[in-house]
Amino acid sequence: MPDGRSWHSGLDRYRISLRRSSRVFVGVTLILFLVALIGVDSEDFRWQYYLGGWAVGLVSLYVAWLKPSLWLLAPFGALASILLIRAGTGDLESGIGPLLLVPIFAVSAYGSRRSLVIMLAVVGVVALLTRILVVDNEALKPIWMYDFTLLVVGGALAFAVQDLVERVRRSQSLADARSQNIATLSEMTRRMATSPDGASTLCSLILEETDALGASIIEFDPDRGWRAITGMGAGTNGSSVATAGAEEQPWNQLEKGSRWEITDSDPEFEQHVSDWANREIETIIWQPIVDRGQVAGAIAIAWGETGQRIDQAPLPLEALAAEALVAVQQFRLNEQLNTQARTDPLTGIDNRRAWEAEVGRSLARARRTRGPLAIALLDLDRFKEFNDSHGHPEGDQLLQETVAAWKKLLRTEDHLARYGGDEFMLTLPDTDVDRANIAVDRLRTAVPRGQSCSAGIACLKPGDGLSDLVKRADDALYRDKSRNRPG
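Residues in the sequence shown are numbered consecutively from 225, following the numbering used here.
FYI, nobody ran anything at the bench for these hints, they're computed from the structure.
Treat the hints with care, since some could be wrong.
[As the list claims (entries may be wrong)] DSSO-like mimics (lysine-lysine), calculated; alpha carbons at most 30 Å apart, straight line:
{"id": "1", "residue 1": "K632", "residue 2": "K705"}
{"id": "2", "residue 1": "K631", "residue 2": "K705"}
{"id": "3", "residue 1": "K608", "residue 2": "K632"}
{"id": "4", "residue 1": "K685", "residue 2": "K632"}
{"id": "5", "residue 1": "K695", "residue 2": "K632"}
Sequences are here, hints too, so could you generate the full structure?
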């Protein structure tokens, strides 16, 4: 049913209709009123009423076209125009009823239910007063009954037309909204596909399309739990959003695939909104991201005014969650590729590239804190001979068993990487030469299958670069292997 807002929005539709059909409408109306002149007695014809009626009708139509708040002036002007033109032709006594339906149907097409009721009442009063003023008392009753019947039938038709028009408008609005959603989602997909960081791109688009204050995309893995991929707006980088109340809501609700919402009226609101670092937030909604029936993550969106939430968002949260699934999959793929690029596939520890990045950080930290740092280059003795005797599969197994044994002996902060072939590089932060020798000796004795290894240790000196450390460790390894080589 139309509401009061239609009083002001009706003119926009009215203008569109005028642009499309005003010539035809004016032309047909002109013909009808010219026909009304046929057979009119010149003595009864009053040009001032006739031309005045046309002037009132056209001026009211033009003013309504210019000023939206006065759009009802058009049908009321048409009502006055009808009365004046019929008075000008000297025939207010008959045939006026059907013409009075013109403004009624105009309001039914463009106005609200309230405006239609008002127009029906005005037309009824006008018709009654006109009959009382110009019709003899003896003829008043049958004419009044005719007008009343016409008004009732016309009103019923007008209400039916109004309902039909509203259904058509709602269908058109829904179709337009769907078309806009498709266009928006297509643009989102295109921008995400061409972006190296689809998650950040999607968060940015969510802020653009929903007028939200903040958005975060969170990945869920049954083994690792919830991890924020990225976040934008609302003063957060998204990293803390995933940990707020992780043992309670919203995470246990999201794991069931259900949306969760919290507003500033909830007692737990401060616990969650504090991670967004924005005092204007009044509502936070978490929408689960589902992949083939399994929860893969969630979108967290923060709004300001409570009324600015789902019902006013141009895109359904389910559609945003579907786009976010692409971002989560892209994140996982990038993470997998990054892991593969940093990991030795045989032993599962970091490769040389990853070690160089890690030792670079350790080197910078040691320089900053002026603390000790040691590295050790380890090489399995006679590994080629072992391979030749036992075969390459057994050689691979030996490398895997050696790494597993060594990892048990290392501290959390120590870093072991495969340097290449049967060589391994060990980084020992906050470790001087004595403690480095102790650590390396433990690794020597832990080599399985009765095998042994040689090692070269280098400790950080003032002015050392990474290449200096590696060269000294390599030289020390060469000397140690020479001692371990059978004479």
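Hints and how they fare:
Distance check on the hinted pair: K632 and K705 sit about 25 Å apart at the alpha-carbon level, within 30 Å; holds. Annotation: proposed proximity of K631 to K705 holds, straight-line Cα distance about 23 Å (limit 30 Å). Proposed proximity of K608 and K632 is supported: the alpha carbons are some 26 Å apart, at most 30 Å. Distance hint between K685 and K632 is fulfilled; the C-alpha atoms sit about 29 Å from each other, no more than 30 Å.
About 28 Å separates the Cα atoms of K695 and K632, which keeps this hinted pair within 30 Å; it holds.
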